[in-house]
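Student: These protein sequence lines are chains C and U, in that order. The numbering of the first sequence is this note's numbering, which starts it at 1 and goes up by one. The numbering of the second sequence is this note's numbering, which starts it at 1001 and goes up by one.
If you're looking for bench data, these hints aren't it; they were derived computationally from the structure. It is possible that some hints are incorrect.
Cut-off 30 Å, straight-line C-alpha distance, at most; resulting in silico cross-link-like pairs (DSS-like, lysine-lysine) [said to hold, decoys possible]:
{"id": "1", "chain 1": "U", "residue 1": "K1166", "chain 2": "C", "residue 2": "K112"}
{"id": "2", "chain 1": "C", "residue 1": "K68", "chain 2": "U", "residue 2": "K1148"}
{"id": "3", "chain 1": "U", "residue 1": "K1395", "chain 2": "U", "residue 2": "K1166"}
{"id": "4", "chain 1": "U", "residue 1": "K1228", "chain 2": "C", "residue 2": "K140"}
{"id": "5", "chain 1": "U", "residue 1": "K1130", "chain 2": "C", "residue 2": "K110"}
{"id": "6", "chain 1": "U", "residue 1": "K1263", "chain 2": "C", "residue 2": "K77"}
{"id": "7", "chain 1": "C", "residue 1": "K76", "chain 2": "C", "residue 2": "K63"}
Not close to chain U: a few residues of chain C, all C-beta gaps over 10 Å, as computed [said to hold, decoys possible]:
{"id": "8", "residue": "N66"}
{"id": "9", "residue": "T114"}
{"id": "10", "residue": "R118"}
If you want a taste of the chain U side facing chain C, the calculated C-beta under 7 Å gives, among others [unchecked claim]:
{"id": "11", "residue": "D1095"}
{"id": "12", "residue": "N1156"}
{"id": "13", "residue": "S1160"}
{"id": "14", "residue": "L1351"}
Computed from a predicted structure; not experimentally measured. For glycine and all other residues, C-beta sits at the position ideal for the given N, C-alpha and C.
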Amino acid sequence: MITLQSSDKDVFEIEQSILIQSGTIKNMVEDDFTFIPLPSVDTETLIKIIEYMKKHADKTDSKEKNIKEFDKDFMKKTLNELFALVFAANYLHISSLLELLYPSIADRIKDKITEAIRQIFSIRCDFTPEEERRIIMDNKWAHEGTEIEGTLD
Amino acid sequence: MSNIYIYRERAHSAFVVAGVVCLFTLLSLHYIHQVISLSLFLYKGMRKRRGVAYPKVNMYIENRLVKRAKDFSGNGTGHRKRSKLSPEVTGHRPDLFDSLPDDLVLSILCKLTSSAASPTDFVNVLITCKRLNGLGYHSLVLSKASQKMLAVNAHNWSESAHGFLKLCADAGNIEACYTLGMIRFYCLQNRGSGASLMAKAAISSHAPSLYSLAVIQFNGSGGSKIDKDLRAGVALCARAAFLGHIDALRELGHCLQDGYGVKQNIAEGRRFLVQANARELATVLSMTPSALTSGGWLTWNPLPHHRHVAGTVCPLLSDFGCNVPAPEAHPANRFLTEWFSSKGVVPGTGLRLCSHAGCGRPETRRHEFRRCSVCGTVNYCSRACQALDWKMRHKAVCTRVERRIDEDGENDANGEIGFDNGDDDDQNMMQS
């Protein structure tokens, strides 16, 4: 059993067989660590990651459909949670989770006008109006006659 | 057309470099991370272990989680120990992307470009802010751009569109190389550059590029009649065919049946023709499951004037009683069709377009294409286009006319004017 400690000092005891899905943890376990502090992962995110790893730990054929269903539901989270998961999964080297997260986030960017993307992701536009106008003109070819939203006020 | 081979070497080394770079970046995100992190503001004093060195960033995440507690009153969710709020949070919610280092944002953008359904999906991100603009133009992101993302509309063609395609091609995007190559070769009349771009894509085993180069070789496009190289055309066609390209399979089948550029082998040729049909059916079935559920797939529904519509029926399979939608045309062909038809650019005095609607290729010199030997009113860049157009449209309207004295047509090796007409194809396919 390996003990993980989140940045909020909450501890979790998990079997080693589940945790080796994380490359980082696997390396530490091979170096004979049993207590692993994770200062860059907070408790909420860690709970979700452990849930993910538990589900993906035993991959028998019969469970593949369940795993797919689980993955689909797992991605139905707020953007903040998804981004926190990306950061944590990157730190923990869980590539299968990352491969799930990237398309989910990309899907939320697709099919949206620029202003919508800015609002959803809380992006602050740091272009000057002239720069913005120039960029929009440069990329006019992509807009195929659809109206470019009124960001030129 | 020997300049194609000269460009091969240059393209080959470019390919090797691109391949190596892609290999590195695909194998390990560490590589990108170390390259990019040198110049960025968040990574001072970074240790080797990623993730451990972003204490500032963690604070942003936690405070954001605090703010996003279920009650949106925004008042203290006092169970968090840390109370320091960064100045950004108090005034304006921090950018979600700020919490991620560049290599992760790049990965997200890569997924975005590889699954984008149109250019707008991606371009809208470029307009959002400076950081995303900068990262969006990263070569890794551009190299993953999907075919649909590069589907420039001919009416919107401009220097910036050209520049964008060039950026993608330089980043190693094969589809961009092919699309830009076709546009430069046929629309912008820049034969050398167009051919070399297509060669670059062909070297990476891009089937449409191989097939397009084969057509160029068969016709001696961009040069004169003596520049035709039938054997080179067959070789390129064969490579494309072995990759499963349907038009190339058909073309190769016809070449074998006619002994055109290759030793005649009628049985082998017929095998390829049948394989082309089978692949077309398989492609359509795997890509459009809705075609199976809609009632229309067992009934003949000829809409010859509707180009590129998903409901258009695949013509050759109608011989076998299967009417499935024809596969969608490549954006490059769509561009050519729009450029010369709806945009109305004239390819040149007396130069004609391939009469197959989905092709869009123009002649590059007079009488380059061959005509239908029955009516002489339509002409095609290749046998594959002729076969498709025969079934889709021309069979219904082709009527024998008085043969004109040859001042117009080019002769085949065996002295006949134009292609065989479609009737022979009919018999060949029915007998299999």
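Student: Does each hint hold? Answer for all of them.
Tutor: Each hint tested on the structure:
1. For the proposed pair K1166/U and K112/C, the alpha carbon gap of about 25 Å is at most 30 Å, so the pair holds.
2. Taking the CA atoms of K68/C and K1148/U, the gap is near 27 Å; set against the 30 Å cutoff, the hint holds.
3. For a cut-off of 30 Å, the pair hint linking K1395/U to K1166/U is broken: about 41 Å separates their Cα positions.
4. A C-alpha spacing of about 40 Å is found between K1228/U and K140/C, which places the hinted pair above 30 Å, so the restraint is violated.
5. Between the alpha carbons of K1130/U and K110/C the distance comes to roughly 19 Å, so the proposed pair stays at or under 30 Å and holds.
6. For the hint linking K1263/U to K77/C, the alpha-carbon distance of about 62 Å lies beyond 30 Å, and the restraint is violated.
7. Between K76/C and K63/C the alpha-carbon distance is near 20 Å, which keeps this suggested pair within the 30 Å criterion.
8. Once the 10 Å rule is applied to beta carbons, N66/C is consistent with being away from chain U; the minimum gap is 23 Å.
9. Look at T114/C: its CB is around 4 Å from the nearest CB on chain U, not clear of 10 Å, so calling it non-interface is violated.
10. Residue-level check failed: R118/C sits 5 Å from the nearest beta carbon of chain U, not beyond 10 Å.
11. For the restraint placing D1095/U at the interface with chain C, the shortest Cβ-Cβ distance is roughly 5 Å, inside the 7 Å limit, so the hint holds.
12. Annotation: interface hint on N1156/U holds; nearest CB of chain C at approximately 4 Å, less than 7 Å.
13. For S1160/U, the interface hint holds, since its Cβ comes within 7 Å of a Cβ in chain C; the closest pair sits about 5 Å apart.
14. Violation of the interface hint for L1351/U is found here, the shortest Cβ-Cβ separation to chain C being roughly 26 Å, above the 7 Å cut-off.
Checked against the numbered hints above, the structure breaks hints 3, 4, 6, 9, 10 and 14 and satisfies the rest.
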